[in-house]
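Chemist: Chains as they are written, first to last, in the working numbering: chain A, 1 to 460; chain B, 1 to 129.
Bear in mind the hints are in silico, worked out from the structure with no lab data behind them.
Any given hint could turn out to be false.
Straight-line Cα separation of at most 20 Å, EDC-like style, residue types lysine to aspartate or glutamate; simulated pairs [unchecked claim]: (1) K364(A) - E62(B); (2) K364(A) - D341(A); (3) K364(A) - D382(A); (4) K198(A) - E213(A); (5) K86(A) - E339(A); (6) K198(A) - E52(B); (7) K247(A) - D148(A); (8) K241(A) - D201(A); (9) K126(B) - D63(A); (10) K248(A) - D279(A); (11) K198(A) - E62(B); (12) K86(A) - E328(A); (13) K248(A) - D201(A); (14) K126(B) - D382(A); (15) K87(A) - E109(A).
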Amino acid sequence: MPKLITGVGCPYCGSSCDDLEVLVSDDETKVLEVHNSCIIGSNLFHHANDPTRPRLPRQRQPDGSIKEIPYEEAIDYFAKTLLAAKKPLIYGFGSTNCEGMSAVGRIAEKAGAVLDNCATICHGPSFLAMFDNGYPSCTLGEAKNRADVVVFWGCNPMHAHPRHTSRYSIFPRGYFTQKGQMQRTVISVDPRETDTAKLADVHLMLDQGHDYELFDAFRTVLKGFDIPETVAGIDRETIKKSVDIMKKAKFCMIFFGMGCTHTDGRNHNIDAAISLTRDLNEHTKCSIMAMRGHYNIAGPGQVWSWQFGFPYCIDLSKGTHAHMNPGETSSIDLAMRDEVDCFVNVGADAGAHFPIQAVQHLKKHPFIAVDPNFCMASEIADLHIPVRIAGVDEPGVVYRMDNVPIQFKAVLKGLPGVPSDEELFDKVYERMCELTRTEPIWLAAKEHRKYPHNTNPVVS
Amino acid sequence: MITQRSIEEGAAMEQGKTNPNYFEACSICEMNPEDMKRLGIWKNTNIRVTSECGSVIVKAIEPTQYCPPGLAHIRQGVWANQVVPPRTQSTGTPQYSGFPVTIEPAPQEKLKTALELVQGAVGLWKGGQ
Numbered sequence: 001m002p003k004l005i006t007g008v009g010c011p012y013c014g015s016s017c018d019d020l021e022v023l024v025s026d027d028e029t030k031v032l033e034v035h036n037s038c039i040i041g042s043n044l045f046h047h048a049n050d051p052t053r054p055r056l057p058r059q060r061q062p063d064g065s066i067k068e069i070p071y072e073e074a075i076d077y078f079a080k081t082l083l084a085a086k087k088p089l090i091y092g093f094g095s096t097n098c099e100g101m102s103a104v105g106r107i108a109e110k111a112g113a114v115l116d117n118c119a120t121i122c123h124g125p126s127f128l129a130m131f132d133n134g135y136p137s138c139t140l141g142e143a144k145n146r147a148d149v150v151v152f153w154g155c156n157p158m159h160a161h162p163r164h165t166s167r168y169s170i171f172p173r174g175y176f177t178q179k180g181q182m183q184r185t186v187i188s189v190d191p192r193e194t195d196t197a198k199l200a201d202v203h204l205m206l207d208q209g210h211d212y213e214l215f216d217a218f219r220t221v222l223k224g225f226d227i228p229e230t231v232a233g234i235d236r237e238t239i240k241k242s243v244d245i246m247k248k249a250k251f252c253m254i255f256f257g258m259g260c261t262h263t264d265g266r267n268h269n270i271d272a273a274i275s276l277t278r279d280l281n282e283h284t285k286c287s288i289m290a291m292r293g294h295y296n297i298a299g300p301g302q303v304w305s306w307q308f309g310f311p312y313c314i315d316l317s318k319g320t321h322a323h324m325n326p327g328e329t330s331s332i333d334l335a336m337r338d339e340v341d342c343f344v345n346v347g348a349d350a351g352a353h354f355p356i357q358a359v360q361h362l363k364k365h366p367f368i369a370v371d372p373n374f375c376m377a378s379e380i381a382d383l384h385i386p387v388r389i390a391g392v393d394e395p396g397v398v399y400r401m402d403n404v405p406i407q408f409k410a411v412l413k414g415l416p417g418v419p420s421d422e423e424l425f426d427k428v429y430e431r432m433c434e435l436t437r438t439e440p441i442w443l444a445a446k447e448h449r450k451y452p453h454n455t456n457p458v459v460s
Numbered sequence: 001m002i003t004q005r006s007i008e009e010g011a012a013m014e015q016g017k018t019n020p021n022y023f024e025a026c027s028i029c030e031m032n033p034e035d036m037k038r039l040g041i042w043k044n045t046n047i048r049v050t051s052e053c054g055s056v057i058v059k060a061i062e063p064t065q066y067c068p069p070g071l072a073h074i075r076q077g078v079w080a081n082q083v084v085p086p087r088t089q090s091t092g093t094p095q096y097s098g099f100p101v102t103i104e105p106a107p108q109e110k111l112k113t114a115l116e117l118v119q120g121a122v123g124l125w126k127g128g129q
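Construct the complete structure from the given sequences, taking the supplied hints into account.
Modeler: This is how it looks when you write it as C-alpha cells:
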C-alpha cells in the first residue's frame, strides 16, 4: 500500500517549501506522486527514481575510461589526495544538509583547504554589503503577514523560486494582509519584462547594469532632492511615483537577486539597497531580503560561521586560523590564478555553472566530485563518489533564505551501501587521522554521530 | 548579454544535465526580433555568440520574456558559461550578467551537447553522447 508522507521539505530553491506531500511505494524505494510542489521540485523527487543512479564510486582510469571501485578505496584516495595537496579547494554545498556541511569543515581544517560554497558565485557580493552596511531583514512569515508593498529588484521568482509569490510575497493572505494580492502593490525592477514583472503594478525596465544609479536616485528622491529627467533609462516621474508608493507603505519588503549581484557594481548595488531600506525606515517599516538560490545555501553561511567565523571563501591553509577575503580566497579567483592544487565539488555542479575557463584551470589538478547523480562535474572528475540525496533519501537541517532552520524529512530509503554526505566526510576524516597518526577527536566529540556507530551516546 | 535562471532550465536540470530537455532548455539565446532582423538572423536558427573569453553556438529564439533591443539572454547553464567572463571585480562572483558579446548568424554550425562542451574543454571528449 503506497504511503503518503506529509510536511515534506523541497530540496530545490531557497523558498524551501515545507508543505509538500509525497506518495511513495510501500517499500519506500520509489516516489509515485508529489503534491503541492512546483514542476522543478516534482522533477527533483521523481529523478530519485532513476534506475541508473550511481551506487558505487567511479574512478577515471589513465586511458580515460571509468571504473567502479569500492567505497573504502574511494575514501582512501580522497583522504590521500587531500593530504598530498598543498592548498585544496572544497566547493559546493548548495544542495546538502547542515550535518554534511559541519562534517566537511573538519576535513577542510585537517587538509588546510579553502572552504567555499555556491554563495561565492551567487550572493557573495550580498555578504560583502551586509558586512559593510548591516542587514535589516526579517522572516518570510513577516513578509507574508505584514508587507503591503513588495519590491522585486533584479530577481524573477516566477522562474527561480516558483512558489515564493504564492507562499510568501504576492498572493498569500496574512494576518495584516487579509486580502492577499488585492492588498499588495508590487514593484519590479528588471531590464527584461519577466513573468514577475508582468505581475507587478509598476515595472521599472532599467538599462541593464545601472542598478546602482537607480538605487541612488530612489534615495535622493526619498531625501527630498531633485534628480535628472532620466536615470538608468527610467523617467523622473516613474521613480518619484515608485518612491512614493514605498514611502506610503505600511510595511515595504525589498527582495533582491542575481540581477544585482551578477552585474557591474556587485556588492555596491546591495550596499545601496540596504541604505535605501534604512532610509525608508525613517518614514515607514521596511525590510530587505536576499533571494537565496538553493534550499540550503543559507546553511553553510550559518554552520561555517559557527565553526570558523566566516560564511564563505574560508582559507584554512594557514593552519592556525581561518582567513577570508573574497577576491583572494574565492573559488573563481583561486582557480584563475592557479592557486589550488586539488578541487573537491560537493552538492553543486562547478562543471556546468563555473565559467568554463575556471573549470579548465581546476581540471589541471586532481578533481573529486561528491554528488548523488551524474552531472558535468562528475563527468570530468577523476573520482565521483555518489551519496544520498539530502531531502529525498537523507533527512537533515536546512536553512531557508530567511535563515530560518527547518528539519527536512527523508521520504525514501537510501540506496543500499550509499552513504550520506555526513557519513562519507566522517569516514574521510577518520582515514585522514589514520594516515597522519592523529586522534579523530571530532568524531569522538559528535554525540549523535552515525559513523562510526556511537556506543556511548551522551544522554541528557 | 545576461545569463539568468528560467523555470524551463530548472525543471530540465532536475531531470539530469544529459537529458534532452536540458539541451532544449539551455542551448538557446533569447533576442529581440529587431536585433535579429538587423543582424540577418532567422528565428530558430543557430548563431555564434562570442565574448572576450570564448564563443558558443546556440539557437536564436524570440524572447519568452521580453528583451529590449541590445540585450540578449542565454539561460544559466553549460552553454552560457562558455562565454561568461571569469572576472570578478574582486568579489569572487563572475560577470554572469552585463558583458559585451558579438552575435553573428551561423546557420550551418551544429549545437554541441553539454557533455561535449564541458568534456571537450578539458580534453576528455571522445564522441558519442
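Chemist: Next, verify each hint and record whether it holds.
Modeler: Hint-by-hint comparison with the structure:
For the proposed pair K364(A) and E62(B), the alpha carbon gap of about 39 Å is over 20 Å, so the pair is violated. For a cut-off of 20 Å, the pair hint linking K364(A) to D341(A) stands: about 8 Å separates their Cα positions. A threshold of 20 Å between alpha carbons decides the hint, and for K364(A) with D382(A) the separation of about 11 Å falls inside it, so the pair holds. Only pairs whose Cα atoms come within 20 Å are accepted, and K198(A) paired with E213(A) is rejected, the gap being roughly 23 Å.
With a C-alpha separation of about 10 Å, the suggested pair K86(A) and E339(A) falls inside the 20 Å cut-off, and the hint holds. Restraint check for K198(A) and E52(B): the C-alpha separation of about 33 Å exceeds 20 Å, so the hint is violated. Annotation: proposed proximity of K247(A) to D148(A) holds, straight-line Cα distance about 11 Å (limit 20 Å). Under the criterion of a C-alpha separation no larger than 20 Å, the hint pairing K241(A) with D201(A) is consistent with the structure, at around 12 Å.
Note on K126(B) and D63(A): the hinted pairing holds, with a Cα-Cα distance of about 11 Å set against a maximum of 20 Å. At roughly 13 Å between alpha-carbon atoms, K248(A) and D279(A) fall within 20 Å of each other, so this suggested pair holds. With a C-alpha separation of about 17 Å, the suggested pair K198(A) and E62(B) falls inside the 20 Å cut-off, and the hint holds. For the proposed pair K86(A) and E328(A), the alpha carbon gap of about 17 Å is at most 20 Å, so the pair holds.
Our distance criterion of 20 Å between C-alpha atoms is met by K248(A) and D201(A), whose separation comes to about 15 Å. Our distance criterion of 20 Å between C-alpha atoms is met by K126(B) and D382(A), whose separation comes to about 16 Å. Distance hint between K87(A) and E109(A) is fulfilled; the C-alpha atoms sit about 11 Å from each other, no more than 20 Å.
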